[in-house]
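**Student:** Residue strings, one per chain:
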Amino acid sequence: MLELINVSKTFNAGTVNEKKALSDINLSVKDGDFITIIGSNGAGKSTLFGAVSGAFIPDTGRIVLDGNDITRTPDYKRASYIGRLFQDPKTGTAPSMTVEENLLLAAGGGRYLSLPKKAARERLRQRVASLGLGLEDRMKTPVGLLSGGQRQALTLLMATVNPPKLLLLDEHTAALDPAAAEKILEVTERTVKEEGLTCLMITHNMSSALALGNRTVMMRDGRIILDTEGEERAGLSVADLLSRFREASGEELDNDRMLLS
Amino acid sequence: MTIQNILTTVQSVTELGLIGSLTVLALFLSYSMLNVCDLSTDGCFTLGAAVGAAVAFSGHPWLSIPAAMAAGVCSGFITAFLQTRMGINSLLAGIIVNTGLYSVNIAVMSGKSLINLNAAETVFTKLKRVFDGTFLAGWHRVAVALAAVVIVVLLLTLFLKTRLGLAIRATGDNPEMVRYSSVNPVFTVTVGLCAANAVTALSGCLMAQSQKLADINMGQGMVTVALASLLIGGTLFRRGAIGLRAVGAVVGAIVFRAVYALALRLEMPAYMLKLVSAVIVIIAISAPYFRKKLPEFFKRTGRRKEGGDA
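Going down the list, the sequences are from chains A and B. Here the first sequence is numbered in the working numbering, starting from 1 and rising by one per residue. Here the second sequence is numbered in the working numbering, starting from 1 and rising by one per residue.
Calculated from the structure, these hints are not laboratory results. Built from N, CA and C at the ideal position, the CB exists for glycine as well. Errors might be hidden in some of the hints.
[To be verified] Just the calculated beta-carbon pair ranges, DEER-fashion: (1) A:Ser80 - B:Ile6: 51 to 61 Å; (2) A:Ile57 - B:Ala263: 54 to 64 Å; (3) A:Lys30 - B:Pro175: 26 to 36 Å.
Could you put the whole structure together from the sequences, leaning on the hints where they help?
**Tutor:** This is the structure:
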């Protein structure tokens, strides 16, 4: 459903800071895939998401989603069918607006000048209740007063309240404390399963890279160096993954935030 | 001070406060919601006054209101265009438009720097006849201003609850997040500034007709005066529903006018108005900063004292 064909991107071309962030990426994502993405610092993982979500237009190559070439579609238009979560829970929410207002905005629908209906509010409240965080009693609370975990859960709900074709998760639990991170991962897994979403998840946690999803992609220097799924992947351990990285790249996997256990 | 005197003062404070509060409501939209400090407000206020006066002078007092507001929309659109599409900093965009408007305003007033409406029919004189003979006679000016403010507050409150309104509020809060909600922030900034400037122009239009005079300098310092009122209103209703905060902006404008009228009674020269509003804005904006910094400051001086003792 998502095809990246020969996608390349070089930042600061022609300067001393030139950085080839993506080089000739070819990736074919099938409907319902849940792909975990790992890689060293600066491997191009987030840049890959940037290309897919429209943060920039790649230098070469095409991005095709469900048969439509979206390479040049502006990011705010893609946002209606591509949901994206970031590491920083503050990124996806408006802090001085309430939980309900944030959700209403994300849920969209209707004309620009339509007023939200009571039924819509109630439906959103139920969705919030299904997160199991007790946020349904705080619908009128400004989001800025919520904890990081609550805020990230809300962002996840906002990104999926209208099921997107594609969900991009960019280390969305990395800034949370372990308990909150675990909770968010659980909610993520449940949402992806229930809505049957196609999902790409960058993670720094090697074991969840293998435990979650059905396919794992490893990146280095703007290239995909490993792409594994099915039985081969099921047989892999974290140690295998690290040695596969060493084989493919000739060096140790180097990531500041990497969790091996 | 006789009863009659007090009544006249109350009337004039309410009327001028209400008309001025429209500009405060415009800033409530652009400054508080959209987080854009629109420095074209001064020129836009005068634009509304000039267009409104010119149209009223030519014998169409009712038409003066939509005409002034349409002029405000154009001005707001240009300010928004400069900052969203031309890469000009938002403060600078406001200043540039403000400067340009000076020429436009004089052109609108047929090359003169004022239009005298003493002999002309205005919205106020039209309604005076309606009210004459009723118990509200003499209050027609306040009534016109109040009607305008009530309509604007209601529409603004409703607007800020719509999908577009929410997107405008989110633009001031977290512009990135607006993109993720599949709304283009360029669009929200443009709509927000057009609406805000329409209301600013309405404010100027009514002010000119109430004072029977449009003057090229009547908008000068308006943005600071309105900000002062907005911040006074903000201290009254800090949190709470949008509608309440909009009402707070109106109350702030009237409180500001009342304090100003009182100061005039106490022989403060009229030309001090702008200095006073400048000081109010400085205090209101810097207060939260100092509230945060003060404990730090005390800690530092405290430590120094301890050091001296040792």
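**Student:** Please go over all the hints and tell whether each is borne out by the structure.
**Tutor:** Against the structure, the hints come out as follows:
{"no.": "1", "hint": "A:Ser80 - B:Ile6: 51 to 61 Å", "result": "holds (59 Å)"}
{"no.": "2", "hint": "A:Ile57 - B:Ala263: 54 to 64 Å", "result": "holds (58 Å)"}
{"no.": "3", "hint": "A:Lys30 - B:Pro175: 26 to 36 Å", "result": "holds (34 Å)"}
Violated hints: none; the structure is consistent with every hint.
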